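K.L.:
Just so you know, the sequences run in chain order A, B, C, D and E.
Per UniProt numbering, residue 1 is the first one in the first sequence, and the count goes up by one each step.
Per UniProt numbering, residue 1 is the first one in the second sequence, and the count goes up by one each step.
Per UniProt numbering, residue 1 is the first one in the third sequence, and the count goes up by one each step.
Per UniProt numbering, residue 1 is the first one in the fourth sequence, and the count goes up by one each step.
Per UniProt numbering, residue 1 is the first one in the fifth sequence, and the count goes up by one each step.
Any given hint could be a false lead.
In this list, chains with the same sequence are indistinguishable; a pair is considered to hold if it fits within one copy or across any two.
Claimed, not checked - List of simulated lysine-lysine pairs, DSS-like, C-alpha gap at most 25 angstroms:
#: 1; residue 1: Lys167; residue 2: Lys312
#: 2; residue 1: Lys314; residue 2: Lys168
#: 3; residue 1: Lys131; residue 2: Lys314
#: 4; residue 1: Lys113; residue 2: Lys184
#: 5; residue 1: Lys76; residue 2: Lys131
#: 6; residue 1: Lys189; residue 2: Lys312
#: 7; residue 1: Lys314; residue 2: Lys167
#: 8; residue 1: Lys314; residue 2: Lys189
#: 9; residue 1: Lys8; residue 2: Lys218
#: 10; residue 1: Lys113; residue 2: Lys168
#: 11; residue 1: Lys76; residue 2: Lys218
#: 12; residue 1: Lys131; residue 2: Lys312
#: 13; residue 1: Lys8; residue 2: Lys167
#: 14; residue 1: Lys189; residue 2: Lys131
#: 15; residue 1: Lys314; residue 2: Lys76
#: 16; residue 1: Lys167; residue 2: Lys184
#: 17; residue 1: Lys168; residue 2: Lys312
#: 18; residue 1: Lys76; residue 2: Lys184
#: 19; residue 1: Lys252; residue 2: Lys131
#: 20; residue 1: Lys167; residue 2: Lys154
These are computed hints drawn from the structure, not numbers from a lab.
None of the values given here were measured: they were computed from a predicted structure.
One letter stands for each residue in the lines below.
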Amino acid sequence: MIVSRNLKPGLILHYTWRQLLYYTTLSTLIVILHDVYEIVFFNIPSYTIAALGTALAIFLGFKNDHAYDRWWEARKIWGLMVNYSRAWARQVITMIIPQDNAEYAEMAAFHQKLVYRHLAFVNALRVFLRKRHLYNEPRQRELFEDENTYLDAKPFLEPEEYAEFVKKDNPPNFLLQRQGEDLKWAFQKGWISDYRFVKMEETLVDFNDIQGMSERIKNTPLPRQYTFFSRVFVFIHCTLLPMVFISELGWKTIPVALAVSFVFLALDLIGERTEDPFENRLEDTPMSSLSVAIEINLREQLEESQNNFPPKVKPQNGIVF
Amino acid sequence: MIVSRNLKPGLILHYTWRQLLYYTTLSTLIVILHDVYEIVFFNIPSYTIAALGTALAIFLGFKNDHAYDRWWEARKIWGLMVNYSRAWARQVITMIIPQDNAEYAEMAAFHQKLVYRHLAFVNALRVFLRKRHLYNEPRQRELFEDENTYLDAKPFLEPEEYAEFVKKDNPPNFLLQRQGEDLKWAFQKGWISDYRFVKMEETLVDFNDIQGMSERIKNTPLPRQYTFFSRVFVFIHCTLLPMVFISELGWKTIPVALAVSFVFLALDLIGERTEDPFENRLEDTPMSSLSVAIEINLREQLEESQNNFPPKVKPQNGIVF
Amino acid sequence: MIVSRNLKPGLILHYTWRQLLYYTTLSTLIVILHDVYEIVFFNIPSYTIAALGTALAIFLGFKNDHAYDRWWEARKIWGLMVNYSRAWARQVITMIIPQDNAEYAEMAAFHQKLVYRHLAFVNALRVFLRKRHLYNEPRQRELFEDENTYLDAKPFLEPEEYAEFVKKDNPPNFLLQRQGEDLKWAFQKGWISDYRFVKMEETLVDFNDIQGMSERIKNTPLPRQYTFFSRVFVFIHCTLLPMVFISELGWKTIPVALAVSFVFLALDLIGERTEDPFENRLEDTPMSSLSVAIEINLREQLEESQNNFPPKVKPQNGIVF
Amino acid sequence: MIVSRNLKPGLILHYTWRQLLYYTTLSTLIVILHDVYEIVFFNIPSYTIAALGTALAIFLGFKNDHAYDRWWEARKIWGLMVNYSRAWARQVITMIIPQDNAEYAEMAAFHQKLVYRHLAFVNALRVFLRKRHLYNEPRQRELFEDENTYLDAKPFLEPEEYAEFVKKDNPPNFLLQRQGEDLKWAFQKGWISDYRFVKMEETLVDFNDIQGMSERIKNTPLPRQYTFFSRVFVFIHCTLLPMVFISELGWKTIPVALAVSFVFLALDLIGERTEDPFENRLEDTPMSSLSVAIEINLREQLEESQNNFPPKVKPQNGIVF
Amino acid sequence: MIVSRNLKPGLILHYTWRQLLYYTTLSTLIVILHDVYEIVFFNIPSYTIAALGTALAIFLGFKNDHAYDRWWEARKIWGLMVNYSRAWARQVITMIIPQDNAEYAEMAAFHQKLVYRHLAFVNALRVFLRKRHLYNEPRQRELFEDENTYLDAKPFLEPEEYAEFVKKDNPPNFLLQRQGEDLKWAFQKGWISDYRFVKMEETLVDFNDIQGMSERIKNTPLPRQYTFFSRVFVFIHCTLLPMVFISELGWKTIPVALAVSFVFLALDLIGERTEDPFENRLEDTPMSSLSVAIEINLREQLEESQNNFPPKVKPQNGIVF
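With the sequences and hints as input, model every part of the structure.
P.N.:
Structural data, given as structure tokens:
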């Protein structure tokens, strides 16, 4: 997630220089052909691009609206993760009550186990989501990335559980299964009533939802039929621009066509990069930062000392991961 | 669902060649009539199509926005299927508890029966949704299709249940009814309390919702009054285009009119194909792939060996079904 | 609901011939005045209608978007009816359990009574919604209609209950009240626990919601201030069109103005007809067809013989009611 | 709420004559200056207002979309009031059950008390919402209004309760508090179980939501920064119109500029009046009519005689309050 | 939140004078260069800005729509705070019931403690949200601000609790944890049943949601890639305007370009200021006013005397904080 109000020109150029180079070369070529060699056959009237404009506006509006919807939904899902994590910790601490005071120490350890395993779940889901799919392979090197490995979940799990965890096909789901089994254990031991058992199981279903909704966004790209054609039609539109401008603008075609092309290019590219919020890129949902915030909240609820808390994630280069 | 970032020209031509042929022929004819025979009566000024443009933008924006909404809602519904399937398996495994340890083996078989019948439900619903309605009969051969038969549900049901299942008017609903009856059996046997009975029945209602929401999208086309007129008005608009372009553009009318027509044609056609997400087409909701993913998750929750899991569905030709 | 992909010209003409006649006459008159009598004072430049265009696009976009939202919400509500009807039948059959096996036959009759009364509710709500309000009186004869009378609910109710039912101010609400009272009876008899009583009452609240949401759409027209002005401004806009076209287009004004007028007319009229989804018209929510589908589903859940099921509703003239 | 399909010219003129007078005078002045005195310096080309048009479309689209959203949300909230009121009455009647048959008469009175107090709540909330805020003071006299006083709640409350009720800072909330206290009383008396107590309390929370959501819309105007600038920019735009039209249109500037101005004026004014749905104006949410409908439904559920029901609210002058 | 219908010119100028100065200077310069020195090379045709217009409309529409969505969502969240606060107070008062009448006084104190701690939570969350982030630092002095310190929560907490509260990393979450622990205490004491314990815990989860949703909006700016480019492109567009206008408008370029620039500037700036609803600015969600309203409601439910209620917040300078 970008937090600085201004984007640095270097950043913008990194992602657009190829296209800008193409449009500059094209305009220059057309100006030379037209003004020096007086070749004019490519000249077209302005209403041709106006006719294209209507359709292009639909494509670009569509792409950006739905890209943002996906991004914001991703953020909402991880907002739910924050809310239900705090609720889960509170429910574990206040609702799991031994019948016998002698079991107090065992209870405290059990509380910590359920809360820590949840922290493992949060980190595991983040890592699970940040893995790249073949078909989402970026077309150019990213300037900024974050590290994401299952080792981040290790401190919160017992060693043998961690060993089993990393071998699973779906590691976060395995942790939810374990949470459910521990609730059953507590129920059979009499630490939670039938009713509180079901209530806490409902909170686990909320985590199922959070995981499943995240996976849906991760695994389902914005329909390629829209993003592909929007990219192609921006290219056609901007290629036609200097052919329209040349007859009246002369050499001014180069800066003006570049400026107008850049605006359309920006719209298309921003949409393209915003649409996938879990790709470990600078526009990402800030899952690393949220994971740390959840860890601090939950350990505060466990009444651990603030000295042991991990440091909060600060923006670097105006970016939070 | 298309996953490759680029669409192959062959694919695009397969679905558009008839229209492209018509527009090329039309433009060529107009160029010949105008430039060779000097017939000009069909000439019209550019503001006529600008006047049409406003209304066309509303039609096309409408069609594509709502087509996408239907497609994305379909994907959300099947995302819920993933989430609640995992929750159902966990609830079956952790909440159905015999009073007597001697019943342990019977319980394990019962757990597997309820989870497997759910896998049958998932596959049955997919097959039920992929059947074609008479009024959704495609107007041309599809390039890629997937196989969907009720046999896919057979491995998850006992033989006599399967025999009854295939004869039903609404097979997936029959399976939910059976799940409910088995819950009643477990309740009467004392394996689930009154409270857990109701909780698990609520999860069945979630599956009712998933089925019903899918059927709603399947059985209710985007209002034909919109899709029909949008198709007709794109045709009128693109037919008028060369009559506008001819006076200034000459032979360039042919490529420019074709390019502009193609953009509008693409908008209309993409909307038309995206609007029905359960028709066994390349833009479909990836229900086959999700069914396999659910199967792997649930069998992992049942602690079956990974060796017996079905292989995950991989994209073929850039498409996932 | 229209299901055929193409609309017949006869159908379109039935609803638009008056307006088309007006616009043809107007254009012809203007052509004659201009070309024959050389009266030109009504000539106006094209940017006047362009200035109108912006505002008209907002009005027409607004009207169609919200008309469709109402239509689709209506369909969603009746989709919930399908889902919860199936759930209600399953809950009745699996959750109402006599303490004593001797009551088995009485229980089966009670199950059937509650499921059949629900079918009466479904049919009663459809009839209740399809009644026409004075202020929604159509301005012209409808081509296709469906029959809707409370007699359709008769086979599902006991005679004395039916007699009371038809006299009520709000017959569907009366049936829900009766369902609640029968649940109380079952609770007092010990056939449902306190907890299952409340759960099934919650399902009745879902039916309250379905009825109330349908009534909301039925009784609250899309704000007249929008639909009225959109109709008036389309009329003004299309009346100005030939005055713009005449100076350059000559006799071609007649077909071109007619074509452009028709597009705007279609947008306005489609919006106007889509906005009220319960008026027994060809664009209606297919409540008749859904009622039959629910009846078949629920009787299948009651394990009745398929031979007695009503036949499914088939499209007639490309329309499903 | 306006229900008649057509708006009367008198109604429209009542709210727009000042502005129409201004625009007519302005156009006439400009025509006279231009044609009679040949003063032309105010002449501006048409693309200046085209450049304004884009931004104006965003402002007006924004204002009307969100005004309608507020209006429709208000109607949805009062739709929930209808649904939950019916559910509340049914729950009161079927769920509050004395242990002892001797208490039957006392129970019936208690049922009626809870249902009647709810009718008081419905009427109280309507009156509470229809009070005018200082900052929502209308800028001109309203043509039609409805009466709203707390006396409408009096028949449904016991005298001493009514006396306390009218003195409260938030009278509707006071009634919900009383309902909760009566539920506690019934719980302590053993007429409702712990479980049914909580269920009915949940229905009270639904009424908290209905009240709070209504208050939110009432107390939070659509951001003034949008409505103010949209009003100002429509004024600027329409003032510029005759300066654009005059050079080509001559005296026709007066009717054409008036027509175009009226369209924009209408868009702005309709948005302005639709945005506040609880101001006792002709576009209001029909709370008076819904209150009577709820009263009839609930008294029918109490099995009172239809003879005592209040008459339904009929449209007057095409308006329902 | 601005409540007065009109904005004062002084207010508008405070936030826009820099930009207006720039645009006036630019236009004047261009007029002088063009008319006095007859330098014309910067002249560009009007269709260049028309081509920019389409893309700009998407950017500005996007920015304002989503800014408003954030603002309205913030208001909805705080609306939920009102609703659930009233429900919480009612539940505390009616559902926490001692077994023994002797405990009546202790119970009343406990009721007050839970309700007052909730008022502390409301005030704490407001203060927590109004703190400024480094990356949201305003670029100019605000004209109106409100005071927000944790001292506002002090009257509602016991001294030692307050001392612990202010030291926490997340003070509002600490209060929810305490509420949960007090519920556990009441449960162990037998004042609430298992079932009511869980119900009230659910209300605490609603407060978790309210806090988490507020934090999501606070901590996640509208994607900077959109707001930055929209600001830049408005600047480019308005800088080009006088170059288009100069050739036909002469000295009139100055007022007309200023008027058009101001419209676009206003759209961008309003979006920019509306998008962050918790920054202690005049467009803020009125959390201070809502906190006082909640306090009055809840103390009325506790049957405290109206004389001790704090005064309601009145608009000052047309603004409510």
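K.L.:
Reference check for the pair lysine 131 and lysine 312, CA-CA at most 25 angstroms: within, between, both, or neither?
P.N.:
Both ways: lysine 131 and lysine 312 sit 23 angstroms apart in one copy and 17 angstroms across, limit 25 angstroms.
K.L.:
Within, between, both or neither: how does the pair lysine 314, lysine 189 come out at a Cα-Cα threshold of 25 angstroms?
P.N.:
Neither: 44 angstroms inside a chain and 45 angstroms across chains, both beyond 25 angstroms.
K.L.:
I want to check one pair: lysine 314 and lysine 167. Are their C-alpha atoms no more than 25 angstroms apart within a copy, between two copies, both, or neither?
P.N.:
between (33 angstroms within a copy, 21 angstroms between copies)
K.L.:
Between the shortest in-copy and the shortest cross-copy C-alpha distance, which are at most 25 angstroms for lysine 76 and lysine 184: within, between, both, or neither?
P.N.:
Neither: 30 angstroms inside a copy, 30 angstroms across copies.
K.L.:
For lysine 189 and lysine 312, with the copy left unspecified, which applies at a CA distance of at most 25 angstroms: within, between, both, or neither?
P.N.:
neither (38 angstroms within a copy, 39 angstroms between copies)
K.L.:
Up to 25 angstroms between alpha-carbons, please classify lysine 76 paired with lysine 131: within, between, both or neither.
P.N.:
both (20 angstroms within a copy, 22 angstroms between copies)
K.L.:
Is it within a copy, between copies, both, or neither that the alpha carbon of lysine 314 lies no farther than 25 angstroms from that of lysine 168?
P.N.:
between (33 angstroms within a copy, 19 angstroms between copies)
K.L.:
Given a CA cutoff of 25 angstroms, do lysine 113 and lysine 168 count as a within-copy pair, a between-copy pair, both, or neither?
P.N.:
both (20 angstroms within a copy, 23 angstroms between copies)
K.L.:
How do lysine 131 and lysine 314 come out at 25 angstroms by Cα distance, when the copy is not named: within, between, both, or neither?
P.N.:
both (23 angstroms within a copy, 16 angstroms between copies)
K.L.:
One pair to classify: lysine 168 and lysine 312, alpha carbons no more than 25 angstroms apart. Within, between, both, or neither?
P.N.:
between (30 angstroms within a copy, 14 angstroms between copies)
K.L.:
Give the relationship of lysine 167 and lysine 184 under a CA distance limit of 25 angstroms: within one copy only, between copies only, both, or neither.
P.N.:
Classified as within; 24 angstroms inside a copy, 37 angstroms across copies.
K.L.:
First find the shortest C-alpha distance between lysine 167 and lysine 154 inside one copy, then the shortest across copies, and answer within, between, both or neither for a cut-off of 25 angstroms.
P.N.:
Classified as within: same-chain Cα gap 13 angstroms, cross-chain 30 angstroms, threshold 25 angstroms.
In this structure, the hints that do not hold are numbers 6, 8, 13, 14, 18, 19, in rising order.
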